[in-house]
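J.: Line order of the protein sequences matches chains F and R.
Numbering-wise, our numbering comes out as the position in the first sequence, counting from 1, plus 246.
Numbering-wise, our numbering comes out as the position in the second sequence, counting from 1, plus 246.
What the hints contain is simulated information worked out from the structure, not anything from laboratory work.
It is possible that part of the hints are untrue.
Each pair may be met inside one copy or between any two copies, as identical chains are not told apart.
Said to hold, decoys possible - Taking lysine to aspartate or glutamate and the DMTMM-like style, the derived pairs with C-alpha atoms no more than 20 Å apart in a straight line are:
hint : residue 1 : residue 2
1    : K460      : E488
2    : K402      : E561
3    : K460      : E681
4    : K402      : E345
5    : K402      : D528
Number of protein chains: 2
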Amino acid sequence: MSRNLVALLQEGLPAEAVLTDPDVTSAYSHDMASFCEAGVPAAVVLPRTVGQVQHVMRTATELRVPVVPQGARTGLSGAANASDGCIVLSLVKMDRILEISPVDRTAVVEPGVVNATLSRAVAEYGLHYPPDPSSWETCTIGGNIGTASGGLCCVKYGVTAEYVLGLDVVLADGRLMSTGRRTAKGVAGYDLTRLFVGSEGSLGIVVRAVLALKPQPPQQLVLAAEFGSSRAACDAICAIMEGGHVPSLLELMDRTTVKAVNDLAHMGLPETTEALLLAAFDTPDPAADLAAVGALCEAAGATQVVPAEDAAESELLLQARRLALTALEAVKGTTMIDDVCVPRSKLAEMLDGVERIGEKYGLTIGVCAHAGDGNTHPTVCFDVADPDEGRRARESFDEIMALGLELGGTITGEHGIGVLKKEWLAREIGPVGVEMQRAVKAAFDPHSLLNPGKLF
Amino acid sequence: MSRNLVALLQEGLPAEAVLTDPDVTSAYSHDMASFCEAGVPAAVVLPRTVGQVQHVMRTATELRVPVVPQGARTGLSGAANASDGCIVLSLVKMDRILEISPVDRTAVVEPGVVNATLSRAVAEYGLHYPPDPSSWETCTIGGNIGTASGGLCCVKYGVTAEYVLGLDVVLADGRLMSTGRRTAKGVAGYDLTRLFVGSEGSLGIVVRAVLALKPQPPQQLVLAAEFGSSRAACDAICAIMEGGHVPSLLELMDRTTVKAVNDLAHMGLPETTEALLLAAFDTPDPAADLAAVGALCEAAGATQVVPAEDAAESELLLQARRLALTALEAVKGTTMIDDVCVPRSKLAEMLDGVERIGEKYGLTIGVCAHAGDGNTHPTVCFDVADPDEGRRARESFDEIMALGLELGGTITGEHGIGVLKKEWLAREIGPVGVEMQRAVKAAFDPHSLLNPGKLF
Numbered sequence: 247m248s249r250n251l252v253a254l255l256q257e258g259l260p261a262e263a264v265l266t267d268p269d270v271t272s273a274y275s276h277d278m279a280s281f282c283e284a285g286v287p288a289a290v291v292l293p294r295t296v297g298q299v300q301h302v303m304r305t306a307t308e309l310r311v312p313v314v315p316q317g318a319r320t321g322l323s324g325a326a327n328a329s330d331g332c333i334v335l336s337l338v339k340m341d342r343i344l345e346i347s348p349v350d351r352t353a354v355v356e357p358g359v360v361n362a363t364l365s366r367a368v369a370e371y372g373l374h375y376p377p378d379p380s381s382w383e384t385c386t387i388g389g390n391i392g393t394a395s396g397g398l399c400c401v402k403y404g405v406t407a408e409y410v411l412g413l414d415v416v417l418a419d420g421r422l423m424s425t426g427r428r429t430a431k432g433v434a435g436y437d438l439t440r441l442f443v444g445s446e447g448s449l450g451i452v453v454r455a456v457l458a459l460k461p462q463p464p465q466q467l468v469l470a471a472e473f474g475s476s477r478a479a480c481d482a483i484c485a486i487m488e489g490g491h492v493p494s495l496l497e498l499m500d501r502t503t504v505k506a507v508n509d510l511a512h513m514g515l516p517e518t519t520e521a522l523l524l525a526a527f528d529t530p531d532p533a534a535d536l537a538a539v540g541a542l543c544e545a546a547g548a549t550q551v552v553p554a555e556d557a558a559e560s561e562l563l564l565q566a567r568r569l570a571l572t573a574l575e576a577v578k579g580t581t582m583i584d585d586v587c588v589p590r591s592k593l594a595e596m597l598d599g600v601e602r603i604g605e606k607y608g609l610t611i612g613v614c615a616h617a618g619d620g621n622t623h624p625t626v627c628f629d630v631a632d633p634d635e636g637r638r639a640r641e642s643f644d645e646i647m648a649l650g651l652e653l654g655g656t657i658t659g660e661h662g663i664g665v666l667k668k669e670w671l672a673r674e675i676g677p678v679g680v681e682m683q684r685a686v687k688a689a690f691d692p693h694s695l696l697n698p699g700k701l702f
Numbered sequence: 247m248s249r250n251l252v253a254l255l256q257e258g259l260p261a262e263a264v265l266t267d268p269d270v271t272s273a274y275s276h277d278m279a280s281f282c283e284a285g286v287p288a289a290v291v292l293p294r295t296v297g298q299v300q301h302v303m304r305t306a307t308e309l310r311v312p313v314v315p316q317g318a319r320t321g322l323s324g325a326a327n328a329s330d331g332c333i334v335l336s337l338v339k340m341d342r343i344l345e346i347s348p349v350d351r352t353a354v355v356e357p358g359v360v361n362a363t364l365s366r367a368v369a370e371y372g373l374h375y376p377p378d379p380s381s382w383e384t385c386t387i388g389g390n391i392g393t394a395s396g397g398l399c400c401v402k403y404g405v406t407a408e409y410v411l412g413l414d415v416v417l418a419d420g421r422l423m424s425t426g427r428r429t430a431k432g433v434a435g436y437d438l439t440r441l442f443v444g445s446e447g448s449l450g451i452v453v454r455a456v457l458a459l460k461p462q463p464p465q466q467l468v469l470a471a472e473f474g475s476s477r478a479a480c481d482a483i484c485a486i487m488e489g490g491h492v493p494s495l496l497e498l499m500d501r502t503t504v505k506a507v508n509d510l511a512h513m514g515l516p517e518t519t520e521a522l523l524l525a526a527f528d529t530p531d532p533a534a535d536l537a538a539v540g541a542l543c544e545a546a547g548a549t550q551v552v553p554a555e556d557a558a559e560s561e562l563l564l565q566a567r568r569l570a571l572t573a574l575e576a577v578k579g580t581t582m583i584d585d586v587c588v589p590r591s592k593l594a595e596m597l598d599g600v601e602r603i604g605e606k607y608g609l610t611i612g613v614c615a616h617a618g619d620g621n622t623h624p625t626v627c628f629d630v631a632d633p634d635e636g637r638r639a640r641e642s643f644d645e646i647m648a649l650g651l652e653l654g655g656t657i658t659g660e661h662g663i664g665v666l667k668k669e670w671l672a673r674e675i676g677p678v679g680v681e682m683q684r685a686v687k688a689a690f691d692p693h694s695l696l697n698p699g700k701l702f
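Please take these sequences and the hints and turn them into a complete structure.
T.: Next up, the structure:
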């Protein structure tokens, strides 16, 4: 079967685009999520054209072989993990930027274009592609679309979904379908474009995307505010949002995260800091916005407020946030990063709850959060060599998701379901929701060949 | 059958919520679209609770009676038109605003809430619900969701879809499903929320919506610019957008529309005006933005540029735009309003083409456009008593849609497909697209009871 598969794949793909050497294909077995099962692919294919992708899907349908689409494998939910005997369909070689239009504020790209490559290319036209997941230097637009990626900018600019106007998609049976539009608006039929965004490669293969762009905003200025309690920091966040401010970034790091960053990078943050808030504005007069927000932080009890005066100082203040995950990884060697999003009015309760969960399980759990969105990343630090600690890490992770749901939130703000959270999806959306999601899946992929075993 | 239907409906609805008198129910037979077939409903139901909606849908499924959901019937595509023997399910009595949260910037509403009612209610909290279809004083949020409504604000604030975070939906069989979230971000499973937005009541009955809100922006200031040709006006639009400006409104009226408004309201616009551009900014310093945009208009050949100095002057300048459709209706008594959206870089070609089409068919066709979005409303003026003119109107309408598609646009930017454009949907999205749209429909509505005969 496998030999037949490879021979058939090679009929429509150049030899170098079909990889079968296990030493090579093993590199394609999983993304960056911890603790997610990953199988051994029968082959990895690296098509360069839409026609080649269609050939792969026709072959897969003919032989009933599952297909796992992949971008840069920077995902954090195992959505790109191989299953045994599957075809891994890597889109990274389809990496052309086909069009950039400053008048229409659109770009047309292939799925393998790296986020940062697109961001820099459009910047040359005075344009801005906002979605900025932490992995933006390596992750691909196709992966961003598959996972509906977020990032630091979302509090002002929203998530990937809001920038996808239209798609070309190769369906499970190899047919090509166009969805959406190239125009600013359009309501012709069901919004299948949005259905594909965040579908984790389970409905079809995105081979081209029309993306919306924004004008390049002014350079943002950052303010850092230190608080004696996470509750005071959350009060400040609520005051900022209730006050009608529109920050371009609003990030929170808890005590554990601040300490880990201090330990790693000796940034000299005071030991009394229980929470560090970072706010940024890319408005015409960011200094005025920082002053207003600084005053709200002080009113909420900030012990220190440091507004940057220029881009260099801003970058320095953001360093602490950028180092957060690395610093937390250094605590115990391994982390399990969660992605629970709650209404921002519930952020303080979420942080309190995570602290209680850490104490209950005897674990270090650091939280950094896209606070303006209520999107927390509680990060469980543990020693992978200690099975009991591993078990407690997994249990605490579940308890954190349960807390998020209890607070009216979602188990995933931006990382997705993949294999990591598929037992939890039903708890969030209920049995009717799961049934209808499965019905949609069956409509597009009747033989269940596209990324099976993910999502539900 | 009909008697049985009414008796069954009355088992779960108060007597006054089931209307069967033809003199009364005939008022519910159609929306505001011209030339769309409309049938005679067997009954009109006006539920006040989710449970009552579920009862209606269970009854409809049991008896296999089609259901046409309705809001305020201000739609322009016939999507809310009754079919013979159907149940018209009017959601207008479910009109409660359930929550408004300034911290979370969300509102939770029932579908029958009128757009303007919500807009005013959230304004009291310093919040802003941007979607502003022309019918905003009467149209309902449920209708806006069903048709994915746009409006004047979209060039800056986007369309209804971008403000719908989560839905409660009664499915065809009466089961209740929740989609989406209450949080700023969330990617748990397929985005069924967006699938329902713009689905024209064909997938389920929206009974509750969680909406995203924005902070109330500063009062906008408006600039009017007159041009000697529509091409010069389109050049100005391209220059404004290419220049990175973010107007809160960017509207264009062609010569025919300007003349019609002049004739109706004696606004004293010069007879040499071939195009009138209106731009607005709700930024912290709108006067500065108007000055910059005014300079771009002059560079593009504007014959006169009039920036408003305050809200009252701004309102005066917008009067011309607000009167446009009424004025065009006065030309020949009847209009057929189209809704073709093209990439804004193609706007000049679209306007030229519509003028050619008007000449070809010997018709007056005025165009006003949400120019910043490339969303044109070519409005065919004709005498309904003249059958030949009616036929030419319909033919010109089709030719305008064909032109829009040829220019890379869509046949509907914001009005939807309904019955008016269903022959055209397939031309836009192709046979594979239609097949997959039908598959999605079948997944949610296997007996095809929800708004049958609409969309495709």
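J.: Each hint needs a verdict: does it hold in this structure or not?
T.: For each hint, the structure was consulted:
{"no.": "1", "hint": "K460 with E488", "verdict": "between (25 Å within a copy, 10 Å between copies)"}
{"no.": "2", "hint": "K402 with E561", "verdict": "within (19 Å within a copy, 29 Å between copies)"}
{"no.": "3", "hint": "K460 with E681", "verdict": "neither (37 Å within a copy, 34 Å between copies)"}
{"no.": "4", "hint": "K402 with E345", "verdict": "neither (26 Å within a copy, 23 Å between copies)"}
{"no.": "5", "hint": "K402 with D528", "verdict": "both (10 Å within a copy, 17 Å between copies)"}
In this structure, the earlier hints numbered 3, 4 are contradicted, and the remaining ones agree with it.
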